[in-house]
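Residue numbers (this note's numbering), protein chains in the order written: chain A, 1 to 613; chain D, 1001 to 1166; chain H, 2001 to 2391; chain Z, 3001 to 3103.
Please note: incorrect hints may appear among the correct ones.
The following label-pair restraints were derived from C-beta to C-beta distances [said to hold, decoys possible]:
no.: 1; chain 1: A; residue 1: 566; chain 2: D; residue 2: 1140; range: 51 to 57 Å
no.: 2; chain 1: D; residue 1: 1140; chain 2: A; residue 2: 110; range: 42 to 48 Å
no.: 3; chain 1: A; residue 1: 594; chain 2: H; residue 2: 2012; range: 49 to 55 Å
no.: 4; chain 1: D; residue 1: 1150; chain 2: A; residue 2: 580; range: 25 to 31 Å
no.: 5; chain 1: D; residue 1: 1141; chain 2: Z; residue 2: 3058; range: 16 to 22 Å
no.: 6; chain 1: Z; residue 1: 3094; chain 2: D; residue 2: 1140; range: 16 to 22 Å
no.: 7; chain 1: H; residue 1: 2012; chain 2: D; residue 2: 1140; range: 40 to 46 Å
no.: 8; chain 1: H; residue 1: 2041; chain 2: Z; residue 2: 3091; range: 54 to 60 Å
no.: 9; chain 1: D; residue 1: 1141; chain 2: A; residue 2: 25; range: 49 to 55 Å
no.: 10; chain 1: H; residue 1: 2046; chain 2: Z; residue 2: 3091; range: 52 to 58 Å
no.: 11; chain 1: H; residue 1: 2041; chain 2: D; residue 2: 1151; range: 54 to 60 Å
With a Cα cut of at most 30 Å, we get these calculated BS3-like pairs of lysine-lysine [what the hints assert, rightly or not]:
no.: 12; chain 1: H; residue 1: 2370; chain 2: Z; residue 2: 3088
no.: 13; chain 1: H; residue 1: 2143; chain 2: Z; residue 2: 3088
no.: 14; chain 1: A; residue 1: 509; chain 2: A; residue 2: 521
no.: 15; chain 1: A; residue 1: 26; chain 2: A; residue 2: 159
no.: 16; chain 1: A; residue 1: 46; chain 2: A; residue 2: 467
no.: 17; chain 1: A; residue 1: 359; chain 2: A; residue 2: 543
Far from chain D by the CB rule (all over 10 Å, computed), these chain A residues [as the list claims (entries may be wrong)]:
no.: 18; residue: 232
no.: 19; residue: 596
no.: 20; residue: 597
What the hints contain is simulated information worked out from the structure, not anything from laboratory work.
Here the structure is a predicted model, which is why all the values come from computation and not from measurement.
Note that beta-carbon positions come from the ideal geometry of N, C-alpha and C, so glycine has one too.
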Amino acid sequence: MQLWLIPILPLAGFLINGLFGRRFSKAVVNTFAIGSVVLAFLWVLKTLSGLGGLPGTYTEHYFTWIQSGALSIGADFSVDRLTAVMLLVVTGIGSLIHIYAIGYMAHEGGYYRFFAYLNLFMFFMLTLVLAANYLVLFVGWEGVGLCSYLLIGFYFDKKIATDAGNKAFIVNRIGDFGFSLAMFLIFRQFGSLDFAHVFAQAPAAPVGLLTLIGVLLMFGACGKSAQIPLYVWLPDAMAGPTPVSALIHAATMVTAGVYMTARSWVIYTHAPIAMDVIAYIGIATAFVAATIGLAQNDIKKVFAYSTVSQLGYMFVGVGCGAFSAGIYHLMTHAFFKALLFLGAGAVIHSLSGEQDMRKMGGLGTRIPWTCGVMFCASLAIAGFPFTSGFFSKDAILLAADHRAPWLYWVGVFTAGMTAFYVFRAFFMTFFGRYRGHEHHPHESPPVMLVPLVILAVLSLAGGYLFKIPDFLHTVFPPVEATEELGPMAVASAAGLLGIALAYLMYVLKPGIPDSIASGAKGIYTLIYNKYFVDEIYDAVVVKPLVGGSRIILWKGADAGLIDGIVNGIGARAKGVGGVLRLAQSGNTRSYATWVAFGSVLVIFFMAVAGVLR
Amino acid sequence: MDLIVFLVFAVIAVVAAINVVVQRHPISSAVSLIGVMGSLAVLYLLLGAEFIAAAQVIVYAGAVMVLFVFVIMLLNAGTETRTGRSFIASLLGVPVLAALLAMLAYFTARIYPRGTEVRFGGFRGGTAEAVGRALFTTYLLPFEITSILILIAIVGAIVLARKELE
Amino acid sequence: MDSFIVISLIKIFVVFGALMTILAYLQWVERKVIAHIQVRPGPYRVGPHGLLQPLADVIKLITKEDLVPPYVNKVLYLAAPFLAITMALLSISVIPFGPAIQVGGYQTWMQLTDLNIGVLFILAVSSMGVYGIALAGWSSNNKYALLGGLRSSAQMISYELPLSLAIAAPLLVSNTLSLRKLVDTQDGWLWNWNLFHGWQYVSFIIFLIAAFAETNRVPFDLPEAENELVAGFHTEYSSMKFASFFMAEYANMITVSCMATLLFLGGWVAPWPAAYGSGYVPVAIFAAAGVIMLFHGLHPARRRDRLTFLPFGLILLLAAAVFLVPLTQSALLPLFWFCAKTGAILFLFIWIRGTLPRFRYDQLMQFAWKFLFPVAMLNLLVTGLVVAVFS
Amino acid sequence: MMGQVPLSWFLMLSAVLFSLGVAGFIFRRNIITMFMSIELILNAVNLTFITFAYERQQVAGHLLAFFVMVVAAAEAAVGLAIILTIFKNRGTLNIDELNSMKN
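Given only the sequences and the hints, what does the whole structure look like? Please build it.
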């Protein structure tokens, strides 16, 4: 079925734009960049329709990539229903965001560079999704990390952007360290990295080892999917262009951790402790991020913490054994969070770069289309009944309820907070009085609005249109939780309550927030400053590391030991060379004499050794 | 008859070779070397290598040595001057050479006792046809590679010896 | 075994004697022909029509003082002419003049020795001929001689390449390196000759041009360009040593003419088979020449020639009669055709000397490397291809 | 008549020529002469090849000698060009004075 065409198309776009884009006009860059991604999307559709119902796994082997001893890694791609969902989400939403970016990036420098990176990201993301073994997946994993770094630091003349890029890259390395260890363990235990092989043998493996593997894999997923304790990079990543935030840091890349965890479900189902850890980390992340989100004023920061929080939900779903619910939420989240970011981007675009919500307000009448789609997205994330978020979030909460009631209640509370802070942002942006300085907020061009509208439709109806748990029943074990009306109603009610509270505080009585902030100053400062996590990390991890490196590694090991060894070797070599130098007389006849002498010796030793009979 | 031919030309070869080494003037050495090559060609004929004998004269004596003579004439190289710079060569040279010759002679005599004898016509596989056939079948690849070698040598020689264009 | 040696010795003496005579008289012929081209009589005083002129020259050269100039490298100065004449004469030894003949019960070839690699031998020996000239030029310790020697050796090396390539083409057609078998493959009619049969016109022309250069003949006689280099490499030579170089040049001319005959013109083979009367051609020619001689000798207006023309007319008639004797026919007929063809080419040499001016040196080298060599290469390639396709 | 030649004599001759070549290379100071000594060495080796070809009754030895000749020709062309260049730049052919690699 030529699966390889799917990632290769964006790669071709990357190569063409990256190598020659400097000389292309924007129209040509657009043609290659968007064309390649849309073609990839169409090719996905054709492939999936060609594969029919996809009851099992369809694998393609291209060549043996690494052959070393017992290690044999093939460049293999495979497709099952899970992959199909991911492929559609990545290429579909990717296409929409690419189209959107035409409008958004129209006035930015480095136009071709942006699209080249974006295409490269698509290539790696599709490789990650299509991979049939952990190593190919890891290639995509690292590749999307690289693209994330490049795109966060896209405005490389801003220090904050490059710092954010570095932070994302370094924090991800920590997670990748766990992933690598997990891969080593997998290879050691199973002798292979192929999914099929590993999962077939996993049930027979010792539980302790599986737990270790699971936790290490989860550690990698925490890095990529911004979970506690490695979530700190994602809010900073908002320094990149907004389409990047939407595509990479909301819809696709950050969900790679969830995807990978779901992909390894066999390992997790045999390692219950690891699953618990995932669930606990997920719920903690969801809760903490939601609280931070309550007090942020930067519109993109709000959605960034919201993303972290929603990813935490997905982890809860996966950790509770409801893998399909996690993927379900992954998809709906891709719809509405992409829409939220793109809408925020449209707002920022219309205000010529203003991101502070305190300088917005009253935009509902000036940019009605943007307002409308943002409303749809906010409803979806708040879990308003029968929007997409409602279905997926309820599926997760039901699984959590089945697992442990306290998980469910924390989840519900977080859902309420989510609804609150999303609508807080919505109301602060679109209601009330305009507080900004830009005189003519303008509606976005159609090229930006059309993707927004499509995503709005998906946000509202996506959960109903694509019943992921039903579709994935061949992949994952059945979820024991049944649909219960009670918990569903409670969760919906929490969402509605949050919305109402936000309406009360930010539309009806705008004075309340300030009084709360001054009333509970301690808590407010705490969450406004994100629990001082960055500062704690800096004090606990970064400073000692830098200091230790300076004293021990640099002064001690490098200057003392390594330089000493190197200089010592140099001095020895010089000494030996001084002796040997005598032989290098520069006189050809002397050399010839030595050669003749040497050949005499060779003959002599040959005779002694008996070679000459 | 064969013995006489061998002795005559072997003696010529050795005397000429000694002359190559002891003559002070390069052109005398060159002429002596031509003598060595010519007598070796006759010995090749004796060993049944008629093609190689012809090639020896054409290539070695007729082309390579002409180049040598040419360069000697071009540079107008005079008799060499004595400059005893190589302590090693004067110290080790004679003993090493004596040892080399002694060892070669000793092992030749030990490995090849007087059993095999050479007589003219004892080997008929050295005709131009036989050599050509082997050259263009079994040894085609090395043969073709030598053509590349020669091409490189031509280019190298031209580049080295051309007048500076700048 | 003994008879082989005896016969070989006899053959060596015969060939050497004949060759020396021919060398001497070739020079006479050359002077005469050029004189007639330039509308003057040429040597006329020594003997009838200057026929004894070569003898006089030889006597003069032998009796001349053999001068060795000072400051020359004695050994090489003396060795150079010897080397030149030796190499020139050596190549004659493998050239066959005719087929096998019966002499008193012994069958032998009209050839000193046959080698499987005859052609290669000639190439090898002719390549050694360079040394005679180069060493002569160098050892003379004279700048004109040195320049002449350098020019000559460079010229010979350069033209040896197209020469060898031009020789290789007919060899491909005939599929042998033995000169005798080469002739055998061209037996029969005129169109069996390699020149016509193998379409070797290009090779033939290249061979002739390169042969002129190899023998340092006009228009390639740069080493002896009088107005630039006095007399080139043999400026310092006199007496018999000078004669050696002179003889070497003519011997080389004869060698290349023989080569051309053998390679392209069918050697000793008659243009058409004896069955169609080719055997009577020499008879007719000699008889006609004799009759004309007699006619002029009896002419009252040419009383001075009566003494020479009448005897020579009779000798020619006798020769015509000898060609009619069946016993000698078998030996003489091939020899006649061989000499006729070789003589024609030698005449071409002389003719061109009397006609063409001399090349400039850079033109000479450019012509060799930039035109003649590629053409010869291409010619060999095409010939090889044709032979490979049609055999 | 004792008409045949022992095979080893050829090899002995080769050894003698080889040693003479080495001697020339070591004791002569003129680059051209040294180069000619190398040619002498190659010739000596060629003689052994031809001799062994006779002993084994195989044509391979001849081919080896042939290739040696080809290499020698190429080597002579390049080597003499180098010598010309050296002479042009340094004005000497004495190997003892060509020691700029020292120091």
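Against the structure, the hints come out as follows:
For residue 566 (chain A) and residue 1140 (chain D), the Cβ-Cβ distance of about 52 Å falls inside the hinted range of 51 to 57 Å, so the restraint holds. Taking 42 to 48 Å as the suggested C-beta distance range, the pair residue 1140 (chain D) and residue 110 (chain A) does not conform, at roughly 58 Å. Checked against the hint of 49 to 55 Å, the pair residue 594 (chain A) and residue 2012 (chain H) passes, with Cβ atoms roughly 54 Å apart. Checked against the hint of 25 to 31 Å, the C-beta distance between residue 1150 (chain D) and residue 580 (chain A) comes to roughly 38 Å, which is inconsistent with it.
Between residue 1141 (chain D) and residue 3058 (chain Z) the beta carbon distance is about 19 Å. The supplied range of 16 to 22 Å therefore holds. Restraint check, residue 3094 (chain Z) to residue 1140 (chain D): a C-beta distance of roughly 44 Å breaks the suggested window 16 to 22 Å. For the pair residue 2012 (chain H) and residue 1140 (chain D), the beta carbons lie near 43 Å from each other, so the given range of 40 to 46 Å is met. Look at residue 2041 (chain H) against residue 3091 (chain Z): about 58 Å separates their beta carbons, and that is inside 54 to 60 Å.
Between residue 1141 (chain D) and residue 25 (chain A) the Cβ separation comes to about 53 Å, which falls inside the hinted range of 49 to 55 Å. Between residue 2046 (chain H) and residue 3091 (chain Z), the C-beta spacing of about 56 Å keeps the proposed range 52 to 58 Å intact. Taking 54 to 60 Å as the suggested C-beta distance range, the pair residue 2041 (chain H) and residue 1151 (chain D) conforms, at roughly 56 Å. A hinted pair counts as satisfied when its Cα atoms are at most 30 Å apart, and residue 2370 (chain H) with residue 3088 (chain Z) qualifies at roughly 27 Å.
For the given pair, residue 2143 (chain H) sits about 21 Å from residue 3088 (chain Z) by alpha-carbon distance, which is consistent with the 30 Å threshold. Distance check on the hinted pair: residue 509 (chain A) and residue 521 (chain A) sit about 20 Å apart at the alpha-carbon level, within 30 Å; holds. Between the alpha carbons of residue 26 (chain A) and residue 159 (chain A) the distance comes to roughly 27 Å, so the proposed pair stays at or under 30 Å and holds. A threshold of 30 Å between alpha carbons decides the hint, and for residue 46 (chain A) with residue 467 (chain A) the separation of about 21 Å falls inside it, so the pair holds.
Proximity of residue 359 (chain A) to residue 543 (chain A) is assessed by CA-CA distance (about 36 Å); at most 30 Å being required, the pair is judged violated. For residue 232 (chain A), the condition that its CB be more than 10 Å from all CB atoms of chain D holds, with the nearest at approximately 62 Å. The non-interface label for residue 596 (chain A) is inconsistent with chain D: the shortest C-beta to C-beta separation is roughly 5 Å, within 10 Å. Its closest Cβ contact with chain D, about 5 Å, brings residue 597 (chain A) to no more than 10 Å, contrary to its assignment away from the interface.
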